[in-house]
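S.K.: Sequence:
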Amino acid sequence: MARLLLTSSQVQIIASCIVVVLCTSALFISGYVIQQRTLRELRVAIKPRHTRPSPKVYLPEKFRTRTKELEDGSVVDIDTEADIEVRRQRLLIEVKETLPGAKLESADGNAALERNIELVKQLQSKVVEKMSTPEGHVEAPVKNHKPVSRAQRRKMIKNELQKLAHADEPAYYQRRMW
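The working numbering applies: residue 24 is where the sequence shown begins, and numbers increase by one.
Because the hints were derived from the structure by calculation, they are not lab data.
Accuracy of the hints is not assured; some may be wrong.
The calculated DSBU-like cross-link candidates involving lysine-lysine, where the alpha carbons are at most 35 angstroms apart (straight line), are [to be verified]:
1. 144 - 186
2. 79 - 91
3. 181 - 153
4. 178 - 79
5. 79 - 169
6. 153 - 186
7. 149 - 181
8. 153 - 169
9. 169 - 149
10. 186 - 149
11. 153 - 178
12. 169 - 181
13. 178 - 149
14. 186 - 169
Based on the provided sequences and hints, a complete structural model is requested.
M.R.: Written as structure tokens, this is what we have:
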């Protein structure tokens, strides 16, 4: 059997290689640990929260309902003056079949019937009026009318844009038009 004898320079090279391999593996492992810790922190930061608050949506005042919870746990709607006024304006109209030759029961019934018919006609005229021309709407010219000049048309468009830009109700997420 031959014995393997190493010289001091060979031992020094082997020791240097072992130190380099150990240091390289230590650096690799520490880099891996740091990378995993950073990824874990990023995942926690990105992960959606379990108790995410619901987004608040703008709802105009006229569509909001006011409620109040009573001591017994029941929920009651609170009527505003506007709601009460709307209920007053609603009309219940009863249609009764009558025979052609039959007389009305009383003069009060006849007066009430005439009043109801008059109210219905007024409401119908208001509805037709609102449906025919919306507020701020410019009507198309009729064939018999003289066409509008370019300058007048520009002024009309400018006025309409100004009216739309300065509306009474807040228009959220509306592009500025003027």
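S.K.: So if I understand the rule, the pair passes when the alpha-carbon distance is 35 angstroms or less; does residue 186 with residue 149 pass?
M.R.: It holds: about 23 angstroms lies between the C-alpha atoms, which stays within 35 angstroms.
S.K.: Straight-line Cα separation of residue 181 and residue 153 no greater than 35 angstroms?
M.R.: holds, 24 angstroms
S.K.: Assess, step by step, whether the Cα of residue 153 is no farther than 35 angstroms from the Cα of residue 169, and give holds or violated.
M.R.: holds, 27 angstroms
S.K.: Is the hinted pair residue 178 and residue 79 satisfied, with a Cα-Cα distance of at most 35 angstroms?
M.R.: This hinted pair is violated, its Cα atoms lying about 39 angstroms apart.
S.K.: Take a quick look at whether residue 169 and residue 181 sit within 35 angstroms of each other, Cα to Cα.
M.R.: Judged against 35 angstroms, a Cα distance of about 21 angstroms means the pair holds.
S.K.: Need the status of pair residue 79, residue 169: alpha-carbon distance at most 35 angstroms?
M.R.: With a Cα-Cα distance of about 51 angstroms, the restraint between residue 79 and residue 169 is violated, given a limit of 35 angstroms.
S.K.: Holds or violated: residue 153 with residue 186, Cα cutoff 35 angstroms?
M.R.: Distance of about 18 angstroms is within 35 angstroms: holds.
S.K.: Keeping to a limit of 35 angstroms between CA atoms, is the pair of residue 178 and residue 149 held or broken?
M.R.: holds, 30 angstroms
S.K.: Regarding the pair residue 169 and residue 149, is the alpha-carbon distance no greater than 35 angstroms?
M.R.: holds, 30 angstroms
S.K.: Need the status of pair residue 149, residue 181: alpha-carbon distance at most 35 angstroms?
M.R.: holds, 29 angstroms
S.K.: CA of residue 79 to CA of residue 91, is that 35 angstroms or under?
M.R.: Answer holds: residue 79 to residue 91 is near 20 angstroms, not above 35 angstroms.
S.K.: Sort out whether residue 178 lies within 35 angstroms of residue 153, counting only the CA atoms.
M.R.: Holds. Residue 153 to residue 178 sits at ~25 angstroms (cutoff 35 angstroms).
Of the hints listed earlier, those the structure fails to meet are numbers 4 and 5, in rising order.
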